[in-house]
Amino acid sequence: MNMKKLEKYEEKCIECHACEDVCAKTYFKSEDRGKSRIVINEELDEKGQKINVCNQCGECMEVCPELALTRDKKGVVRLDKDKCVECLICVGFCPYLSMRVHKDLLEPFKCIACGLCAKECPTEAIEIVETV
Amino acid sequence: MMSVVIAKERVEEMKNNRKVLKALEYTPTKVNRGYTDKTLYINLTDNQVEFRDIPEMVKEKFIGGKGYGLWHLWNGIKDDTKWNDPENEIVISPGPIAGITQYPGAGKSLVVSISPITGTVIDSNVGGHFGPLMKFSGFDALEIQGKAEKDVVVFIDGNKGTISIEEAPVETIDSHILAEELTEMYADDEEDKRHISVVSSGQAAEHSYIGLLNFSFYDKRKKAQRLKQAGRGGIGTVFRDKKIKALIVKYKGVKGDSNHPADVEKIKQVGMKLHKEVHDFDDEQCQMRQVGTANLFETMSDYDLLPVNNFQYGSHKDAAATGGRAALKKVLQQNEPDGCWFGCSMSCAKSAVEYELQTGPYKGQKVVVDGPEYETIAGVGSNCGIFDIDYVLECNFYCDTYGVDTISFGTLTAFAMECYERGVIDKEVTGGLEMTFGNKDAAMELLHQMARGEGFGVVAGKGVRAMRELFVKEYGADENLLLDIGMESKGLEYSQYVSKESLAQQGGYALTNKGPQHDEAWLIFMDMVNNQIPTFDDKAEALHYFPMFRTWFGLQGLCKLPWNDVEPISNRDIEGPEAAKVPEHVQNYVDLYNAVTGNNIDKQEMILQSERVYNFQKVFNIRLGVVGIEGDRAPYRSVGPVTKEEYLSREDRYDKQMKEKIGVDPEGKSVEEKMAITREFRESQFAQLRDTVYKRRGWTVEGIPTLEHLQNIGMDLPEVMEVVKPYLSK
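Listed in order, the protein sequences are those of chains A and B.
Read in order, the letters of the first sequence are residues 1 to 132 in my numbering.
Read in order, the letters of the second sequence are residues 1 to 730 in my numbering.
Bound-form chain A, shown alone:
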């Protein structure tokens, strides 16, 4: 199975938040880092993560009642907003807390491994990896 995902190297992260900025700007035309699909925690979250980003494990697909989450050809898990009923089960069930929500939005959102953040990262703390 093809797999494309954002790999993280937390020890390299300097918490500059450049990844968050480019993500929020790209997908929501927003300066609000809360709308980024990648999250840099200055204090580790309950899973012990400094960098919180989807690893495309696909557990969210299994709990979606509407089959709105599917894996594309490259192995990236994507949300079909038309099918999504905004129940947020995927948010509560993500083992890495990587399905995101924002008060301006009813539907959740997640990293789709586009790699724009990796290009911005000054320390190579994140990179796109693809396996076939």
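These are computed hints drawn from the structure, not numbers from a lab.
This one's a predicted model, so the numbers in the text were calculated from it and none came from an experiment.
What you were told as hints is all true, and nothing was included just to trick you.
Simulated pairs of lysine-lysine, DSSO-like, Cα-Cα distance not exceeding 27 Å:
1) B/Lys-252 x A/Lys-103
2) B/Lys-193 x B/Lys-252
3) B/Lys-273 x A/Lys-81
4) B/Lys-255 x A/Lys-83
5) A/Lys-25 x B/Lys-266
6) B/Lys-366 x B/Lys-329
7) A/Lys-4 x A/Lys-81
Sample of chain A residues with no beta-carbon within 12 Å of chain B, all distances over it, derived:
8) Glu-7
9) Lys-12
10) Cys-13
11) Val-22
12) Thr-26
13) Phe-28
14) Lys-29
15) Asn-41
16) Glu-43
17) Gly-115
18) Leu-116
19) Ala-118
20) Lys-119
21) Glu-120
22) Pro-122
23) Thr-123
Cβ coordinates follow ideal geometry from the N, Cα and C atoms, glycine included.
We have chain A; now place chain B onto it with these hints.
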């Protein structure tokens, strides 16, 4: 996975035989803060369709769901209306919170009618998509009155804004086929099927008093309509008596704000919090996601609470092997979303797939079996002395598709079996059925007879009370014995818990509005296992608070299960009866209500909302003739050991209680003497409990709500006061 495929020719045949009796267009009212403030009224006698406004007073006092059902029914009927009179109604209402997609268990419909089996008002809480889709189509309640001349369906299209009543002569009656036929007929394509929900019943509902309604939801993975049941009290029987084959709603466009709440962000936050609790704790707590409510089966047997052989005993050596969690996981499909409305991460619906039927008209077909719930596996299984998971699936499937309540079917079959074994009835009465405990073939045949309208199935299908009366009148049965072992109160069959060792639960069953159903109060663990409510006052407080709290789910269109079938971390630090309330989750519900409606209630106001409706329902019972302590009669089987065998099976326990609780030394006394002493004590305890509970609830010793109480809670409507006044002046 699709098990029932409907051919194009079949759809054409159905369409060609339809006759439109009424068709009209309307502009669906948009939902605002959980309400449309509209009722859809349909009279099937003259095909009258009306859109009625719901007055502000009704909204304030009756809230929605069951409250709306009771209010509409009260106004639609006369004091002497019987279940099969045309003016009896079926009212379906989801409630204001129903339809949010972010919190588990928030898509319920409440169905209210006059019950054929109790003769008084019944309410039933059911999942499936019908209620929320109906609300999004513009209606807080659907009120159906009158009787059609020939079989009809009612179709509501909430996007197009159309309603039609059509004669539907060729459609199948049994639900597992009918729901698929109608889905195939009304959906544009496979993708469109998810927008359709069907309400239907089945053949056995026509010949019994225990008919149910199936509410469907389309399962996209299985490509099948799944069925959830409004099981209790025979509403399916009323449905078929009105010659309704099905109600269908179609609505596309459900989103997180379809209920147009005042504060959607709050709902999101509370919902995500609960999803995470279910994710983190369900595997170590109830395993609802893996085995559903049936997780209880093994536990109940461990605590001597599982009904075995018509509630005689409380455990069985084969319970774990045939219905324990491990055994269930082998037959129930794992790891698929199983919520009966969107956002239910508790996901307890559960199903067995590719089950090959062994009996009956669909023998050999491979089907999806919804369930079995705990109530079903205990009711049709252990309580009938049957420990066989395949039988439970078979019986569960046929009960659902025939439109029969598994709880009543289980309890009445167990009663017939005990009567048979005690020689009250014989093969001549049963038409050859050997109704011994454990005889699964006889039990299945009984169900098939009910569907065909034949033989002993028709007799049994009238329920425990009717059987008792018949056996006494026609076959000279000992009435006192049958009163003791016939597990009904108000005519409704008991649900499946042995309450002998929990006085509070005896009250939780008998001191109820609709009859012995555990949805009012389930206090066994608090009372018997944890001993948290030792005094009469403690028990009475629990029998006030919990029925009121649980009534609230029915006003809002909510499911009870996510309240306490997963517990948050905060509950670990709470001790005593407060822990059973799960305070954090109660606050969730207060927050959800406020977030949907924009109101600002607290936990006290929440109970008051329920208290109004609960007392209204109590007065409704009085209006229909269920009055006084006789109306709350508990059969002695629910209170203590009726027979010698029962006493002897737990002799050490009963002897110890006699010594410690009653203060009588059992030494040297015969079993009969000990049984009599135990009975006298237990019945006096029950009477004392009843008096204490009535008082706590603001009722007289005869169970009549006082005028002062009705005024205090704001349920002092003139028509309500009129009903109770004659009883208070006596």
